[in-house]
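Trainee: Can you make the complete structure from the sequences, with help from the hints?
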Amino acid sequence: MSCGEPHETDCAEVLDHLYEFLDHEMPEREGHKLEVHFEECSPCLEKYGLEQAVKKLVKRCCGHDDVPTDLRDKVMGRIELIRSGHMPDTELSTGADPHRATAD
10 MSCGEPHETD
20 CAEVLDHLYE
30 FLDHEMPERE
40 GHKLEVHFEE
50 CSPCLEKYGL
60 EQAVKKLVKR
70 CCGHDDVPTD
80 LRDKVMGRIE
90 LIRSGHMPDT
100 ELSTGADPHR
110 ATAD
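Sequential numbering from 10 applies to the sequence shown in our numbering.
Honestly, the hints are just simulated from the structure, not real lab data. Even for Gly, the Cβ is constructed at its ideal location relative to N, Cα and C. One or more hints might be untrue.
Computed cross-link-like contacts, BS3-like style, restricted to lysine-lysine with a CA-CA straight-line distance of at most 27 Å [unchecked claim]:
| no. | residue 1 | residue 2 |
| --- | --- | --- |
| 1 | Lys68 | Lys83 |
| 2 | Lys83 | Lys56 |
| 3 | Lys42 | Lys56 |
| 4 | Lys83 | Lys64 |
| 5 | Lys65 | Lys42 |
| 6 | Lys83 | Lys65 |
| 7 | Lys56 | Lys68 |
| 8 | Lys42 | Lys64 |
If you anchor each label on the Cβ, the simulated ranges turn out as follows [said to hold, decoys possible]:
| no. | residue 1 | residue 2 | range |
| --- | --- | --- | --- |
| 9 | Glu17 | Glu89 | 34 to 44 Å |
| 10 | Pro36 | Glu89 | 32 to 42 Å |
| 11 | Asp82 | Glu49 | 29 to 39 Å |
| 12 | Asp74 | Asp19 | 34 to 44 Å |
| 13 | Asp19 | His73 | 36 to 46 Å |
| 14 | Pro77 | Glu34 | 13 to 23 Å |
| 15 | Leu80 | His33 | 30 to 40 Å |
| 16 | Lys65 | Pro36 | 33 to 43 Å |
| 17 | Glu44 | Arg92 | 13 to 23 Å |
| 18 | Leu31 | Thr78 | 12 to 22 Å |
| 19 | Asp74 | Ser51 | 17 to 27 Å |
| 20 | His33 | Asp82 | 17 to 27 Å |
| 21 | His95 | Leu31 | 30 to 40 Å |
| 22 | Cys71 | Pro15 | 19 to 29 Å |
Mentor: This is how it looks when you write it as structure tokens:
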């Protein structure tokens, strides 16, 4: 996503690090760069607001359970693979058969 306007920090870079920003997991200097970007880029600010609202909703509904460290590491690893353009093979990574119908 890009708003088409030139920015010091590219929209794609901002969105790649949005969750780190939301979770306060990035250095202060990098976080400040994103804040400046949000001030000048309304599409990224809108995306930030949406993700922030979803995060608050999830926390309110599901925020009482601690997430096991190994599960968090596995999820973050998958997110990084997807961000880098290397989609994991669902059949191999989950053991699921993508051709088999499931009953919900």
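Trainee: Against each hint, give a clear statement of whether it holds in the structure.
Mentor: The hints, checked one at a time:
Taken as a hint, the Lys68 and Lys83 pair is honoured in the structure, with Cα atoms around 20 Å apart against an allowance of 27 Å. Taking the CA atoms of Lys83 and Lys56, the gap is near 25 Å; set against the 27 Å cutoff, the hint holds. Restraint check for Lys42 and Lys56: the C-alpha separation of about 16 Å stays at or below 27 Å, so the hint holds. Between Lys83 and Lys64 the alpha-carbon distance is near 19 Å, which keeps this suggested pair within the 27 Å criterion.
Restraint check: the Cα-Cα separation between Lys65 and Lys42 comes to about 23 Å, which is no more than 27 Å; the hinted pair holds. Taken as a hint, the Lys83 and Lys65 pair is honoured in the structure, with Cα atoms around 22 Å apart against an allowance of 27 Å. The hinted pair formed by Lys56 and Lys68 meets the criterion: a straight-line CA distance of about 18 Å does not exceed 27 Å. For the hint pairing Lys42 with Lys64, the CA-to-CA distance comes to about 21 Å; that is within 27 Å, so the pair holds.
In this structure the hint that Glu17 and Glu89 lie 34 to 44 Å apart at CB is violated, the actual value being about 25 Å. At about 18 Å, the CB distance of Pro36 to Glu89 disagrees with the hint of 32 to 42 Å. In this structure the hint that Asp82 and Glu49 lie 29 to 39 Å apart at CB holds, the actual value being about 35 Å. A hinted range of 34 to 44 Å holds for the C-beta pair Asp74 and Asp19, which are about 36 Å apart.
Taken as a hint, the range 36 to 46 Å holds for the pair Asp19 and His73, whose Cβ atoms sit roughly 37 Å apart. Range check, Pro77 to Glu34: about 18 Å between beta-carbon atoms, so the 13 to 23 Å window is met. Take Leu80 and His33: their Cβ atoms lie about 20 Å apart, and the range 30 to 40 Å is violated. For the pair Lys65 and Pro36, the beta carbons lie near 24 Å from each other, so the given range of 33 to 43 Å is not met.
Separation of Glu44 from Arg92 is about 21 Å and conforms to the stated range, judged on CB atoms against 13 to 23 Å. Leu31 and Thr78 have their C-beta atoms about 20 Å apart, which keeps the hinted 12 to 22 Å range intact. For Asp74 paired with Ser51, a C-beta distance near 35 Å fails the hint of 17 to 27 Å. As the Cβ distance of His33 to Asp82 is approximately 19 Å, the hint placing it in 17 to 27 Å holds.
For the pair His95 and Leu31, the supplied restraint of 30 to 40 Å is violated, since their beta-carbon distance comes to about 24 Å. Between Cys71 and Pro15 the C-beta distance comes to about 39 Å, which lies outside the given range of 19 to 29 Å.
The structure shown violates the earlier hints numbered 9, 10, 15, 16, 19, 21, 22.
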